[in-house]
Amino acid sequence: MERAISYEEARYLDRVSRDRFSIPSLSLMESAAREFYICVKDELEKAQDVCFVAGGGNNGADALAVARMAFCDGMRNITIFQAPGRETEEHRVQMEICERLGMKFTDEVGTSLVIDGLIGVGFSGELSDEKKSI
1316 MERAISYEEA RYLDRVSRDR FSIPSLSLME SAAREFYICV KDELEKAQDV
1366 CFVAGGGNNG ADALAVARMA FCDGMRNITI FQAPGRETEE HRVQMEICER
1416 LGMKFTDEVG TSLVIDGLIG VGFSGELSDE KKSI
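Numbers in this note's numbering are just positions in the sequence shown, counted from 1, shifted up by 1315.
Possibly wrong hints are sitting among the right ones.
27 Å max Cα-Cα, derived DSS-like pairs, lysine-lysine [said to hold, decoys possible]:
(1) 1361 x 1419
(2) 1419 x 1356
(3) 1419 x 1447
(4) 1446 x 1419
In case anyone wonders, no lab produced these hints; they're calculated from the structure.
All figures in this text were calculated on a predicted structure; none of them were measured in a lab.
Given only the sequences and the hints, what does the whole structure look like? Please build it.
Pasting the structure below:
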């Protein structure tokens, strides 16, 4: 897969959007989630069942936002697998929204389609055994 921009460029654009133009991080997240949702909507609708795997960071928060958009669009074939880990504030906000909507959570990742929100583009180092098993 070829990246459109590097991790450093993405971080720079996020920082400029927040600092120079005062766009809150959650607004940036909502925009990114909406664009991703538009790209995958047809596949989500076709799938028998879909599991959104959400890590504790902002990549997991992105996955939660996309899952919520699908749910609010009437899709009921989705579940959320919440992986353990340190949670960002954005993740806590997205999780609370999903919980208040009554979305389904699962302890297993055994579906026909998985949306990966576990590891983001900035990850470096070794995956923990727990994340490897997921």
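Task: Violated constraints from the hint list, given by number and in increasing order - done: none
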